[in-house]
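S.K.: Here is what each chain is made of, one letter per residue.
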Amino acid sequence: MISLGFISAGSIQAGGAGGFDPLLPGLILLLPLLGFALNGALALVSGRRSADRVRNSIPEEDHTAGSVPLTHSLPTWIGPGVLLGAFVLTAINFVRLLGVELTEPVIRSYWSWMPTGTLSVDAAIQLDQLSMIMMMVITGVGFLIHVFSVGYMKEDPGYPRYFAYLNLFVFFMLVLVAGANFPVMFVGWEGVGLCSYLLIGFWFQDREKADAGKKAFIVNRVGDFGLLMAMFLLFATFGTLDYGAIFAAAPDTLLYGGGIVTAITLFLLLGAVGKSAQIPLYVWLPDAMAGPTPVSALIHAATMVTAGVYLVARASVLFALAPVSAAAVATIGALTALFAATIALKQYDIKKVLAYSTVSQLGFMFMGVGVGAYAAGVFHLMTHAFFKALLFLGAGAVIHSMHHALHSTHKDWDAQDMRNMGGLRRFMPITWITMWAATLAIAGIWPFAGFFSKDEIIWYVGTAGAFSGLYVVLWGIALAAAVLTAFYMTRMMIMTFHGPNRTGEPESRHLHEAPLNMTIPLGILAVLSVFGGWINVPGSVRESFFGGFGVLPMSDWLDRWLAPVTQSADAVRASQLGAYADVAPVGGGHVVWGAIATVMALVVVIVTARYFLSQPIQPAHEDGEPDRGIGKVLYNKWYVDELYDAIIVRPLIGVSRWCWRVIDRVLIDGTVNAVGSVSKGVGWFGSLFQTGQVNTYAFILALSALAVLGAFIF
Amino acid sequence: MTGLLDAMGYADWILHALIWLPLVGMAVVLLSPEERAKHVAFGWALGLFVLSLGLWWVFDPDGPLFQLTSMTEWIGAWGVTYALGMDGISLFMILLTTFTMPVAILGSFNYIRERQRAFYSLMLLLQVGIVGVFASMDLFLFYVFFELTLVPMYFIVGIWGGERRIYAAVKFFLYTALGSLLMLVGILYLYWQSNLAFGFASFHYFDLLGTPLTLTEQLWLFAAFALAFAIKVPLFPFHTWLPDAHVEAPTPGSVVLAAVLLKLGAYGFLRFVLPFFPEASAHPTVVLVMITLGVIGIIYAAWVAAVQPDAKKLVAYTSVAHMGFVVIGIFALTTNGLQGGLIVMISHGISTGALFLILGMLYERRHTREINDFGGIAKVAPLLATALVITAMASIGVPGTSGFVGEFLALLGTFERYPMLAFLAATGVIFAAYYMLPMVQTILFNPLDREENRTMEDLSGREIAVLSPLVGLMLLIGVLPGPILERMEPGVQAIIEWVDEGASGALLDAARDRGTEPGLGELPVRSELSELGTSALGTSTYDGTRRIHLFFRDEG
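Chain order of the listed sequences is A and B.
1 is the number of the first residue of the first sequence in my numbering; add one for each residue after it.
1 is the number of the first residue of the second sequence in my numbering; add one for each residue after it.
Treat the hints as calculated values from the structure; they're not laboratory data.
Just so you know, even glycine gets a beta-carbon here, dropped at the ideal spot from N, CA and C.
One or more of the hints may lead you astray.
Claimed, not checked - Okay, the calculated bits of chain A under chain B, using three or more residues with CB under 8 Å as the criterion:
id, stretch
1, 208-215
2, 488-501
Said to hold, decoys possible - Not close to chain A: a few residues of chain B, all C-beta gaps over 10 Å, as computed:
id, residue
3, 95
4, 114
5, 458
Claimed, not checked - Derived contacts from chain B toward chain A, CB cut-off under 7 Å, selection only:
id, residue
6, 310
7, 420
8, 424
Please work from the sequences and hints to get the whole structure.
M.R.: This is the structure in structure tokens:
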């Protein structure tokens with residue numbers, strides 16, 4: 001029914017392609033899907049073999065020694081290979097798009113997905129500046145993480161299954177950002193959630209990890225519910241679910257600040273909050289660290305969790321029309337940025353620090369898109385993909401090394417607890433130096449990538465104007481969160497890489513740098529973490545620092561690049577709220593505040609580093625948990641999980657049990673059984689008429705039918 | 001393909017063959033040796049399925065609403081006819097039935113050990129009733145087939161069921177028989193009224209349509225019909241027979257029960273209740289009650305499902321939740337709602353059927369249905385685990401599977417008219433994850449800490465053959481539901497139009513005006529059986545003209 005020809009033959013719908021002729025866009029999506037199919041088949045073969053071993057009590061195969069079976073050697077090439085193909089194809093199209101002024105998205109429609117009669121949804125993808133840049137990040141960073149995974153996961157018996165899931169994830173992520181209408185986007189949206197579920201619970205025989213996957217899925221479904229409702233409202237309002245038609249009609253159809261657009265955007269926000277782990281639905285993301293670390297890098301840092309930011313940017317015109325919702329986006333972002341940062345202060349698990357850091361940085365992105373600085377939000381999304389992927393991969397290299405070291409003497413210490421690390425820079429110099437690059441980037445130190453993106457967000461929050469009192473507060477929160485970021489990241493780096501080693505003497509001899517297939521991705525991401533921000537240096541800053549030298553030709557490049565996507569939102573904002581201010585709430589221009597922020601961050605980094613270097617740190621088993629004060633509260637993550645358990649999970653289970661035992665069994669079945677007993681009594685009376693004569697029965701039946709019929713008529 | 005089928009005269013005999021050939025198969029099974037019975041039954045059912053596939057080609061999506069129609073006098077004095085026919089809705093219900101049967105039979109090879117001949121002949125008898133229901137164009141005939149499904153199911157549960165099989169079978173029988181009896185009274189009353197109004201006695205669908213009834217009469221008749229169908233669906237609070245029946249029924253019984261038998265109820269609403277009683281069906285209070293019960297079913301059943309220790313009971317409750325989506329889709333009376341409800345019916349048939357099959361396979365290995373008795377199964381049975389995960393995802397409506405298309409459209413269609421109720425119903429999406437994922441985790445994931453589980457075998461070749469078509473269909477319908485939606489659309493539109501305009505009486509006038517349109521001659525006109533009919537065409541009486549609307553799609 002679907003011939004392979006559709007890869008290239010999708011019908012072009014939109015006019016105004018402006019000379020942009022994408023090369024095989026369908027193949028970009030299809031390649032990872034193909035990788036999934038191949039790796040999935042290999043996974044089933046190897047899974048069957050491994051199952052036989054379990055049944056016969058033979059230990060798992062050891063692939064480090066001797067010949068490696070095809071099921072484990074092929075995924076090494078298929079998994080990263082399809083990603084490389086997808087990346088190259090995306091890059092070719094990206095370069096092509098660079099050369100043209102594209103004002104309308106190019107839409108490729110492959111088949112009619114849900115033609116009901118009144119609804120028409122096509123399986124269609126849309127290529128424009130926003131989807132292309134997202135696809136660049138997904139396939140580019142995705143490829144690096146796939147390569148890293150080869151080294152990281154090679155010894156795992158589930159290696160082919162791992163790559164099957166990872167390929168499938170990339171496919172769904174591409175569907176999410178490339179979909180040309182809300183339902184197709186939703187396919188990607190829930191699809192990535194499914195892959196996330198499978199990958200978090202990748203080591204499913206560990207109950208805790210399986211629980212974490214389940215939690216992620218269920219919490220995300222709350223968000224998905226919001227997205228569904230938003231789609232229903234959109235359809236009821238516009239009669240279509242295509243991006244193009246909705247966004248074109250929105251400014252004329254919807255009343256600025258009206259109830260409908262506010263409801264639509266608040267439901268969209270609920271979806272975004274779920275996927276992007278914002279308050280109050282962030283609780284799944286820290287638990288998601290149960291998955292393999294490259295998964296955390298790809299899904300729970302660089303790509304999937306930014307889907308909410310993408311969604312707000314994509315629906316920017318709707319959010320521009322709903323100032324209350326936009327303010328809600330910014331407020332939730334700010335609160336999350338600060339809240340998650342406080343928790344990160346007291347975590348000892350290296351991945352937990354990074355997890356809360358991710359939640360916090362996603363909060364920054366929400367602030368950006370919430371105040372209408374969509375390009376700034378997407379900018380931070382991109383730089384964050386570089387440095388946070390690097391941090392997670394670096395953490396992965398550390399854990400990998402720690403695991404080997406602890407394994408060598410069968411020490412049962414936690415390989416992820418930073419208190420068991422220390423001084424690792426001597427053993428892992430490349431990991432160390434690249435992670436510092438990422439740390440300086442996330443801390444917002446000039447001229448690292450994170451400085452530009454975070455600075456731009458904070459600046460726009462401070463100058464957004466509307467609800468001015470609110471935005472001044474958010475601006476202050478953003479600055480505070482930025483300071484905390486510098487603090488917890490430096491703490492993590494010092495505890496992990498500096499000071500004396502605490503792993504133990506015999507173990508430390510087994511600490512080692514990661515192999516090349518892991519360090520090369522680190523190196524590339526480090527370069528991007530340093531220079532990635534230069535694509536969008538604000539014009540004002542550039543003039544002050546470089547203008548005379550002409551060093552950076554790319555000022556405001558990303559802002560200009562995304563302008564066709566955000567222009568109608570920008571127009572609505574400009575007409576309703578006016579331009580952004582020139583000075584920060586307490587005075588001072590962009591350049592001044594950029595300088596203040598970077599100096600502040602630098603001071604925090606230095607002071608924190610000195611503090612933790614002077615502080616004696618005990619290995620985890622000697623140290624124990626903080627047992628009092630705010631430290632204990634932060635260590636226990638403000639007890640939010642416990643709170644949710646008490647006010648949502650347990651009451652829900654209680655009500656469910658009550659429904660079953662009381663309503664179903666006592667009320668309904670009780671009634672049914674009572675009726676049954678009565679009819680038994682009647683049955684005894686009736687048995688008097690049971691003569692065994694068929695004609696008597698027929699007579700009685702006819703008589704009763706007539707009686708009932710008569711009752712009806714008269 | 002179409003040419004070949006034409007040459008065979010396929011369209012003329014296929015519906016009769018699909019109804020009566022299972023009966024022949026029943027005889028063949030009874031005559032075959034005990035140990036061969038299952039193979040014969042499977043071969044027969046598979047052959048019927050292959051035979052039924054031609055329906056896809058002979059059904060013309062742009063043709064008349066009802067196709068493959070035929071009519072023979074049965075009990076002339078009462079106006080009972082043996083009339084068959086199908087629209088796009090029946091088409092997929094019939095295909096779902098013929099598809100489910102061989103799958104269910106193949107899935108029961110190891111489960112059914114005793115009295116195999118009897119068992120498999122009852123399965124085929126069941127098929128007679130079910131296909132008959134979906135193909136009947138005569139209300140009397142429909143009722144006969146509808147009741148016929150009760151008998152084999154009663155014995156399947158009562159003889160091959162679990163420990164409490166007698167209780168479950170009797171409960172099933174009494175519940176459904178009670179509903180059907182009231183419906184019988186309703187049918188007779190409707191027949192009586194039609195006779196009074198039109199001057200001739202007929203149970204034919206088209207002759208009963210448009211029977212003039214006061215709103216009060218409609219409401220009473222609606223109640224009588226709706227109770228029977230609501231029990232069958234089952235709609236909260238008439239659902240408690242279902243968990244018992246499912247838990248006690250042998251695997252193939254559960255599969256057929258979930259996949260097809262529950263659809264009889266929803267089909268009854270669509271085919272009869274809405275068109276016969278349009279004013280009652282569109283009555284705001286009635287609609288509100290029905291949709292509210294559907295929404296309660298969605299949420300309540302999801303909650304109850306989540307706390308079931310018995311896997312089969314859990315899946316049984318999820319059926320109630322899924323059928324809630326069907327009911328809200330139907331009573332929202334929008335194109336999207338009805339289309340969605342119908343896709344849920346198909347999707348639920350496939351995914352819940354697959355769930356029961358998988359649970360049956362687990363039961364055959366471990367002789368337990370307790371969820372907590374499992375754990376870590378994915379390690380020893382990766383294929384089974386893959387099938388269960390995909391099926392679970394289809395069941396909870398993850399996009400890309402059939403479940404999503406159905407639930408999305410049903411909710412969308414409901415939202416168009418009842419946003420607040422759709423809002424509540426949509427929370428079912430969350431609760432679906434709440435009941436399904438813990439079960440999947442507890443069975444497939446977690447430590448493999450029991451010796452009995454550690455030595456469990458993965459799927460056999462036969463089991464792969466059972467599950468792969470189901471899994472394939474879940475994905476295919478999820479990605480490409482278009483061909484199904486397009487074929488069902490005329491039927492859906494006709495129902496909506498009929499109810500909308502029938503409620504205002506406008507449709508009857510419109511139908512009367514169109515009475516002289518050409519083309520009537522090709523169709524089996526009921527009037528041949530009536531004295532009045534031949535002369536009544538185009539006159540002010542209802543006869544003759546009333547059936548036109550449903551024969552012809554509105555081409556104006």
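S.K.: Could you run down the list of hints and mark each one as holding or not?
M.R.: Structure-based check of all given hints:
no. : hint    : verdict
1   : 208-215 : holds (count 4)
2   : 488-501 : violated (count 0)
3   : 95      : 17 Å, holds
4   : 114     : 29 Å, holds
5   : 458     : 6 Å, violated
6   : 310     : 11 Å, violated
7   : 420     : 11 Å, violated
8   : 424     : 11 Å, violated
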